[in-house]
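Build out the structure end to end from the sequences listed, making use of the hints.
Protein chains: 2
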Amino acid sequence: MGQIKRFLVGKPIATEHQHHERLSRITALAVFSSDALSSVAYATEAILSILILGGSVALGYSLPVAIGIAVLLVVVAFSYRQTIRAYPKGGGGYIVARENLGDIYGLIAAGALLIDYVLTVAVSISAGVAAITSLASTWGMPWLASYAVEIGLVCILLVSLANLRGVKESGAIFAVPTYVFIASILILIVYGVIRNMLFGAQPVVHRIDPEILGTGEAIGLWLVMRAFAAGCTALTGIEAISDGVPAFRVPESKNAASTLTWMVGILVTMFLGITWLAHVHGAVPNELTHETVISQIARTTFGDGLVYGIIQVATALILVLAANTAYADFPRLASFLSRDRFLPRQFSSRGDRLVFSNGILALGVFSALLVVLFQANEIAMLPLYAIGVFISFTLSQAGMVRHHFHIKEEGWRWGAVINSVGTILTAVVLVVLAVTKFTHGAWAVMVLIPMLVVLFNSINKHYSSVARQLSLEGAGRPIALRRHTSIVLVSGIHRGVLPALQYAQSIAPDNVMAVYVNLDSDQTARLQQRWIDWGFNIPLVVLESPYRSLITPLFNYIQEVDARYNDHVLTVVLPEFVPAHWWEHLLHNQTGMLIKAALMFNKDVVVTSVPYRLER
Amino acid sequence: MGQIKRFLVGKPIATEHQHHERLSRITALAVFSSDALSSVAYATEAILSILILGGSVALGYSLPVAIGIAVLLVVVAFSYRQTIRAYPKGGGGYIVARENLGDIYGLIAAGALLIDYVLTVAVSISAGVAAITSLASTWGMPWLASYAVEIGLVCILLVSLANLRGVKESGAIFAVPTYVFIASILILIVYGVIRNMLFGAQPVVHRIDPEILGTGEAIGLWLVMRAFAAGCTALTGIEAISDGVPAFRVPESKNAASTLTWMVGILVTMFLGITWLAHVHGAVPNELTHETVISQIARTTFGDGLVYGIIQVATALILVLAANTAYADFPRLASFLSRDRFLPRQFSSRGDRLVFSNGILALGVFSALLVVLFQANEIAMLPLYAIGVFISFTLSQAGMVRHHFHIKEEGWRWGAVINSVGTILTAVVLVVLAVTKFTHGAWAVMVLIPMLVVLFNSINKHYSSVARQLSLEGAGRPIALRRHTSIVLVSGIHRGVLPALQYAQSIAPDNVMAVYVNLDSDQTARLQQRWIDWGFNIPLVVLESPYRSLITPLFNYIQEVDARYNDHVLTVVLPEFVPAHWWEHLLHNQTGMLIKAALMFNKDVVVTSVPYRLER
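If you read the protein sequences in the order shown, they are chains U and D. Heads up: the first sequence runs through residues 755 to 1370, numbered per our numbering. Heads up: the second sequence runs through residues 755 to 1370, numbered per our numbering.
Hints are computed from structural coordinates only; laboratory data are not their basis. This one's a predicted model, so the numbers in the text were calculated from it and none came from an experiment. Do not take every clue at face value.
Since the list can't tell identical chains apart, any single copy or any two copies may satisfy a pair.
Straight-line alpha carbon distances no greater than 30 Å define the calculated BS3-like cross-link-like pairs of lysine-lysine that follow [as the list claims (entries may be wrong)]:
| id | residue 1 | residue 2 |
| --- | --- | --- |
| 1 | 1357 | 765 |
| 2 | 1008 | 843 |
| 3 | 1215 | 1350 |
| 4 | 1008 | 1162 |
| 5 | 1350 | 765 |
| 6 | 843 | 1215 |
| 7 | 1357 | 1215 |
Put into structure tokens, the structure is as follows:
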């Protein structure tokens, strides 16, 4: 067991080796932006997948919708620059909302974010798999698409293992795929724009033509609002930098703020560029081939060759990195919640490798479930996505408004204005998201968040109650220890029992008894016979058990003894023989273990195990 | 938890209520014959599914093959009448082979039978589902067939639960479906024969015509042997009566023997009749519609109406009863093996409801796995089936030959001749089965049986070794008890720790120490401060742990103390606070439990838990 774990997650790391690498702006951009930038891979497609319901004319609205989202992006980014300045130690939604608006808002933000991190993994991995299967289809391997779920699960497993080992936030791993992705998408856009201007647009050729529906839905405000809501997934991840300010080189806040500006600039450029190219080439989501919009644009622009392949692989890699970002965020947020006693304390203990192993495992399990549930179809998951992040945006920026009024730092009025605009805008978008996506799955998230908040609070109540009960505040000195009584449970008489009898006699010389449950009269008679020789003169009590239960007669007897000697401390002694190999435990009744558990839970007695070790 | 169990399996039953109903021959036939008779539902189809490979001409061999199998049936039945006479207390293959041929042959028979019982459940349930889905298809619900696996699993679950409750072997439950089945099949045969004679044969009309292959395989000895081997599944279950002799009314042996004769008579009639009808109507296995051969014959003879429906339902019911028979046989055989120390002892303890619950659970799990693995296709499972039962036939009859020579009872020579013929014939058939079915799955059974025998033997060796080590034979009186040292493990100082400190001090007043593992220097300093007030003057030892492990520094320290006081008994005391509700355990680190387990397994120390009970 231990060896398997060592092989998978590596040797333990000493606490003193915990360290924080400071990141230059160039590497920081790579480390923190993969989540935000990777949304380029599916945000345009999400918009088109709604507009297509209005038929081919409606597809023309994609560009205005994308421009609206780009404006929103810029406003939110400005708003977050305020957070970065105010929280140089890192200001995630939970911390900012809880500090400024109170526990309940902090917990709502936390619940929303936990859900969104799980979705980040599921959506990013599924979109990454789609990038690869689209490439495979174009290169003559369409069968790969039927293994999408399996590939997705393997990816989640690998990312989970990498994080359990502890991925160093070392720049190179992140920098190469991120910059290759940025470069290849920018080249695609620039080359595509020039080519279109010189030679005119060339329509995408599909292997199987997509169905452009346009029967059911009228083109109107509702459809455009739905498309806008769908495209808001482009905003997920832009809060990442504000969480990670301390990782920047000094001056942290300034570097972080300028990195955020750069990131949003790149994101807006890529998002609008891809949306424009999709528009001119007539790229649309294709339910039948499952080919992504980016894949359609890239192969129409560059042909089926190497450049196209690089774009697809870079897209897949940055999506895996985006998933990996959630593997930093989720366990960290869970550890904050756990430290504040809103989640089980297991989430705040660091494992062998200094990582929050339980958070990593929980994230892996939940996101794998989503991938199976949605059959690795990222477009189908999107209605659940983004709600959480907009709740967090709204609460965190409302918190910042409170913060400005409270602290009144230099230039606070201007800051308050920016954050107020941000709050109002994200709140309005949140309502749009909630309304338009409600029946498409968002209801599940909106039910889940209050349930999580209730859960957080009841966990907190439990821990507080335990702490109060265990507090030494006002505890009197315990009264002098009472006398000892001890009961040895025996299942027969053999070498394994003798040390237990002897031990029980030594701690309660005056008041010791052995107890045996009669399940078979012949065996009982034989035991009583042999007890004369080997019983250390300890009285043997035989209990009757008409239903062959051990626990019931035993508990009744313990209660009786407890009442008789109510000023004594009662110790129940269990003789246990320990096999030489762990798997041999399976060959012995686990009765001892069950009795121990039942005693601990139900009876106020001391339980003592006296081992007898077998040699082979 | 307890309530759920009570609802599913019912209230416990007292040992004294264990009783054995004596069965009349009429009810005994119903109770013991369902396994054997139900094979009529698939044996003919199994023969045809092989012959069809040789094309439509080869199908003509079905009747001669069936007659050969009928002869074999009669011989084996005669042979088993000897066993019934010789073992009035029940002579299953394991008992007869082990007693007369030695342990190893007994274990081979036992392993073979255990495998076959699992297959009995999987095959019977799958065939029962096929009877129902065939009926559903004819009655316009062909979609039901796509849920065959799910229906099969639900049936296994229900039969398992019924057996965990303890099905009484009361006649009525068995008698009604068995006799309805016998009656309806006999009526089908008689009516079918008369109708054919008067009006000539009417061919089966298929919804989709089956593919009659006949390309690959030449019609020759090999194909006929394979068909014969496939049909030998008709013999499974005929040994059931010899296992259950004590359940008959006096004179047990005589009644059992005549019941066996009746059973074989009915079985042979039904099997030959169905095979003949299949032949004249041209009924063949239909891969495309999955309609059973019986269903084809029945609806061709009686039309799609009620009589046809009754036949299909009766077939399904007797197949469920056949599966239920294995639920008596498997747990009983497992309990024999467990009593003889060849299987874990958990298999020989009776549960609340007086049944061998673990055997029932094991059978349910393994047969459910087979149903999933083979997608509830009973014809695909048949190559694995029957091998086990023929191994048991051969060994048990060889054992009977030895028995006759050993006991030399009156008329033993005649008995020896009968059993010798039986042995030789079943051995020859066994070789035919093994050779013809080898590549179709029988190899798996032939690999599994020796593995089981090795497993049985190593379990036996372990138990013997434990018994030797625990034996009081030659055990000296334990030396007088040594002095006590005790170590209290503390995770802090709070009310939950005080009783443990006090207890430890009381059992080892001169030699007690508290141990704390330093994971955070600030917390450690605070603890040391408070220890002055609350530590009962017990010395506090702080252990360093660079890798945040609790176990490693603790074990090193225990080893050190053990060496220092090597003439003392060392008790490790663990303070444990017990939450008011069991689910609250999840909110606390399970560290205490892990430490206890690690200590028990690795260190020769006494482990004591001192509880502190929380109120709410």
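Each hint, compared with the structure:
1. When the C-alpha separation of residue 1357 and residue 765 is checked against a cutoff of 30 Å, the pair qualifies only between copies, where the shortest distance is 24 Å, while the shortest distance within a copy is 41 Å.
2. Only within a single protomer do residue 1008 and residue 843 lie at most 30 Å apart by alpha-carbon distance; the minimum there is 13 Å, versus 91 Å between protomers.
3. Within a single copy, residue 1215 and residue 1350 get their C-alpha atoms as close as 29 Å, and across copies as close as 28 Å, so both meet the 30 Å cut-off.
4. In the homo-oligomer, the alpha carbons of residue 1008 and residue 1162 lie at most 30 Å apart inside one protomer (20 Å), although the nearest pairing across protomers, at 104 Å, exceeds that limit.
5. When the C-alpha separation of residue 1350 and residue 765 is checked against a cutoff of 30 Å, the pair qualifies only between copies, where the shortest distance is 24 Å, while the shortest distance within a copy is 34 Å.
6. Only within a single protomer do residue 843 and residue 1215 lie at most 30 Å apart by alpha-carbon distance; the minimum there is 28 Å, versus 64 Å between protomers.
7. When the C-alpha separation of residue 1357 and residue 1215 is checked against a cutoff of 30 Å, the pair qualifies only within one copy, where the shortest distance is 25 Å, while the shortest distance between copies is 38 Å.
The structure agrees with every numbered hint stated previously.
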